[in-house]
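Asker: Required output: the full structure, derived from the provided sequences and hints.
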Amino acid sequence: MATKPIGLEVSIAVAEAVKLCDVDVVAAYPITPQTHIVEHLSELVADGELNASYVPVESEHSAMSSCIGSSATGARTFTATSSQGLALMNEMIYIAPTLRTPIVLAIANRALSAPINIWNDHSDIMSVRDAGWIAVFAENGQEALDLTIMSFRIGEHPEVLLPVSLNIDGFTLSHFIEPIIMPEKSEVDAFLPPFKTDLKLDTQKPLSIGLLAGPETYTEIRKATDDILVRSKKYIKEVFAEFGKAFGRPYNVVETYRHEDAEIILLTMGSISETAMTSVDELREAGQKVGLVRIRLWRPFPVEELKEALGQAKIVAVVDRHLVMGATDGPVSFEIKSLFYGAPKAPKVFNFILGLGGRDVRRADFKEIVQRCAELDKVGQKSFEIVGVYE
Amino acid sequence: MSKVVDAWVKVQDMPVGFHGEAGRSVDFKTGDWRSSKPVLDREKCIYCGFCYIYCPDGVYEDMGPKEKYYKADLDYCKGCGVCANECPKKCIAMTLEEV
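For the record, the sequence lines run as chains V and D. Take 0 as the starting number for the first sequence in numbering that gives the first Met the number 0 and just add one per residue. Take 0 as the starting number for the second sequence in numbering that gives the first Met the number 0 and just add one per residue.
These are computed hints drawn from the structure, not numbers from a lab. None of these values were measured; they are calculated from a predicted model. Just so you know, even glycine gets a beta-carbon here, dropped at the ideal spot from N, CA and C. Accuracy of the hints is not assured; some may be wrong.
What the hints assert, rightly or not - Computed cross-link-like contacts, EDC-like style, restricted to lysine to aspartate or glutamate with a CA-CA straight-line distance of at most 16 Å:
(1) Lys-9/D with Asp-225/V
(2) Lys-222/V with Asp-12/D
(3) Lys-28/D with Asp-74/D
(4) Lys-36/D with Glu-96/D
(5) Lys-9/D with Glu-219/V
(6) Lys-204/V with Glu-20/D
(7) Lys-9/D with Asp-226/V
Claimed, not checked - With beta-carbon atoms standing in for the labels, derived distance ranges:
(8) Ala-21/D with Tyr-93/V: 20 to 26 Å
(9) Gly-19/D with Leu-322/V: 39 to 45 Å
(10) Asp-56/D with Ser-126/V: 35 to 41 Å
(11) Gly-80/D with Val-302/V: 55 to 61 Å
(12) Asp-197/V with Arg-23/D: 14 to 20 Å
(13) Tyr-340/V with Gly-80/D: 43 to 49 Å
(14) Gly-80/D with Tyr-93/V: 31 to 37 Å
(15) Trp-32/D with Ser-337/V: 41 to 47 Å
Stated by the list, open to error - Pulled from the structure, derived: some chain D residues nowhere near chain V, Cβ distances all over 10 Å:
(16) Glu-20
(17) Tyr-53
(18) Met-62
Answerer: Below you can see the structure in the form of structure tokens.
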């Protein structure tokens, strides 16, 4: 088993992981901060190091269209995008899950325009929240690489057959050079068998994909897609466990840090969780009972795991990185509130938004959140609060 | 929930990915969408093939050099009138369908 970390830019690590997975087709369009991923893949293909078709499409809409087509032929398919690129893909993004095409899409998360901004937050992934994709969030470079490999395995699982979006924070993850353990090819081959499915476009056994559905069938087809997405959690957990055994790095759908006796739990997604952990350590040293829960699996939403992880806390401070215009909460906060609504014993849920458009997320921000929670405990909170907003 | 009366297939029985058999559009006869049908005057027809080429649904069949005309398959012709519009001899008349 490979155990020695090497210094590697996270985008390059993701591309190298895709290569280790023997991908068949990459159809992609460059967009900051995702570009390094597909740029490196195109080099690998051009240099003959990766035997795959690289389709240099003219837009992200075409990228996802090509991916759906190639995946429908049974080819292992990868693409990557960010922000406006994901927005342009939107029409096709909604098609992939119901057609059960297990594409892997890396999203280097970046803010949506306007104003135009190339830096990190979660507004892009939240714009396709409801589309039916499995969505995982990486915290660091090693996770980004590991989750790339796992995403193919999960998506192509015969009981799943769904597309997977792998979210890595733009710049703060995608462009950082981190110590990363690169698995051996033989290890990946043992973990990830070639993609085989009967459900594909085949001239010998022709079938129709992408049919029209009238009012008589649309409801049932949409429900069937939702059912399989919800059921997929079981298989995702199996793949996580198997990966842990094979590579020695355990993965859970929800991760916890010093949360057992915590009165206030910070709830985060993505790379800010590492900063939050440091804040938790410092607050603990100062005698405050603070912990952290991190969502790795965003879709399907890990209801039971979060209930268990958060249920004992007095207060849950939900940290969102997307502003839902015209509403009271960020997307994660809505989920957490509905999780505990009507429950006899429920923590108070307060919502904080930070790190929009690449604004730095500092240890002090989490301390401010914890301090604010103590005040809100007495007076309540009507709607989300933006940490550090200048007004 | 209330008993389903409007649905054709149960959620559990829905084919994976809502894939279907190939070639199903052959069974889907769109001719009844038509409000008027093309009627050819074979006296004027010069067998040029414009109707055959321009038909957006490909319903025209070449009847061969002996018969020297193209015949519309009314099972699928939607009555758009493109053939009548493009015919250089104006020998296709769009005629209202009798109900």
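Asker: What are the numbers of the hints that this structure violates, sorted from low to high?
Answerer: Violated hints (numbers, rising): 13, 16; every other hint is consistent with the structure.
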